Amino acid sequence: MEKQRAADFYAITESAYPCSETLGAAFRALWAAPADAWERLGDDFGLCSSSRIHNATSLEALVGFLQQQLSDLAFANYPYPVGDMPANPAAYACSKTRATAAHRPTPQASGVANSEPPTPTPAADGWLPLRDALTWRYLPAGGCIALRGAFSAYTPGFLPGAWTFQRCTDLVMAFEVRDSSRMFLRCGADGFSANCAAAGLDALRSFCAAEFGVQVPDAARQQAVWGQNWTRASGGSRIIFSNGDLDPWGYGGVDDDVQAHDDDPDRPVVLHIAKGAHHLDLRAPDPADPPSVVIAREQETAVLARWLDM
Numbered sequence: 003m004e005k006q007r008a009a010d011f012y013a014i015t016e017s018a019y020p021c022s023e024t025l026g027a028a029f030r031a032l033w034a035a036p037a038d039a040w041e042r043l044g045d046d047f048g049l050c051s052s053s054r055i056h057n058a059t060s061l062e063a064l065v066g067f068l069q070q071q072l073s074d075l076a077f078a079n080y081p082y083p084v085g086d087m088p089a090n091p092a093a094y095a096c097s098k099t100r101a102t103a104a105h106r107p108t109p110q111a112s113g114v115a116n117s118e119p120p121t122p123t124p125a126a127d128g129w130l131p132l133r134d135a136l137t138w139r140y141l142p143a144g145g146c147i148a149l150r151g152a153f154s155a156y157t158p159g160f161l162p163g164a165w166t167f168q169r170c171t172d173l174v175m176a177f178e179v180r181d182s183s184r185m186f187l188r189c190g191a192d193g194f195s196a197n198c199a200a201a202g203l204d205a206l207r208s209f210c211a212a213e214f215g216v217q218v219p220d221a222a223r224q225q226a227v228w229g230q231n232w233t234r235a236s237g238g239s240r241i242i243f244s245n246g247d248l249d250p251w252g253y254g255g256v257d258d259d260v261q262a263h264d265d266d267p268d269r270p271v272v273l274h275i276a277k278g279a280h281h282l283d284l285r286a287p288d289p290a291d292p293p294s295v296v297i298a299r300e301q302e303t304a305v306l307a308r309w310l311d312m
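Start counting the sequence shown at 3; every next residue gets the next number (the working numbering).
Just so you know, the hints here were simulated from the structure itself, not pulled from any lab data.
Check before you lean on any hint, since a few could be wrong.
[Claimed, not checked] In silico EDC-like pairs for lysine to aspartate or glutamate, Cα to Cα no more than 16 Å straight-line:
| # | residue 1 | residue 2 |
| --- | --- | --- |
| 1 | K98 | D10 |
| 2 | K277 | D266 |
| 3 | K98 | D134 |
| 4 | K98 | D181 |
[What the hints assert, rightly or not] Between beta-carbon pairs, the in silico distance windows are:
| # | residue 1 | residue 2 | range |
| --- | --- | --- | --- |
| 5 | G145 | P293 | 24 to 30 Å |
| 6 | R207 | R54 | 40 to 46 Å |
| 7 | G145 | D266 | 24 to 30 Å |
| 8 | W165 | G85 | 16 to 22 Å |
| 9 | E41 | D172 | 39 to 45 Å |
| 10 | A200 | T59 | 16 to 22 Å |
| 11 | T59 | D266 | 29 to 35 Å |
All of these numbers come straight from a predicted model, not from anything done at the bench.
Note that the Cβ used here is the ideal one computed from N, Cα and C, for glycine as well.
Construct the entire structure; sequences and hints are all you get.
Here's what the structure looks like:
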């Protein structure tokens, strides 16, 4: 995967959060937490006794877990409630951080109050915005959360299941956080190497060997198998590629306009869905749907009807 694409996953995730700078400051405070604060971290984030922070590796696991929670909310950033998830959950998570900010001193400049909410800095409790933004989602009432494994268990696609095996054998994707990121720990500027594509690929190789006993294929093999040309002449036909611009996984989707290169009626179709979260077009219609997904469903229905001769 090209380097600029490797950074798109976290960039798209970050764009869902209007409080990205506040969460970024909280991540940096968490990563800088001294050993004498580790016990409090366990209390604040509701960690079970088996998952208390005791070294840099366990701290890294907590960071990875929280990054995964933010990614999950970005996937499900639907405009309506789903199960126990509120509508627009990324914005809702940000709203939970306001109480934390409200109890912090507001910086003054030339005797005039700053109208912007205060940004937490690495301090004794600088990680609290992360706690407030996320514990409502993952922490059961009266319970605790057990972090299993190392950071790699919480990077996208490393969770148990068939998708993880596919990531090890077919769709290999390394992730990277840009140094310009406001929210996530930056692989260079913040010294968090686990957020670098190279480190992520090395971790993926180790994880796949240990978990499944398989070797991750190299980029040349993937290019040979999957290619980048989806025109009918190259073997692509009757495929609809839909990409929502709010979906972090959209960065790995096919977004080239193949229609411009092939006049075959069975050619693949690429649809771009503004304000579309993960698979929003495949979900049942809802009054809160953005117009773009309504149009996308109509286009998909028309294309399928043509292909099926209906």
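Quick rundown of the hints versus the structure:
no.	hint	result
1	K98 - D10	violated, 26 Å
2	K277 - D266	violated, 30 Å
3	K98 - D134	holds, 6 Å
4	K98 - D181	violated, 26 Å
5	G145 - P293: 24 to 30 Å	violated, 41 Å
6	R207 - R54: 40 to 46 Å	violated, 29 Å
7	G145 - D266: 24 to 30 Å	violated, 56 Å
8	W165 - G85: 16 to 22 Å	holds, 20 Å
9	E41 - D172: 39 to 45 Å	holds, 43 Å
10	A200 - T59: 16 to 22 Å	holds, 19 Å
11	T59 - D266: 29 to 35 Å	violated, 53 Å
The structure fails hints 1, 2, 4, 5, 6, 7 and 11 (numbered hints given earlier, in ascending order).
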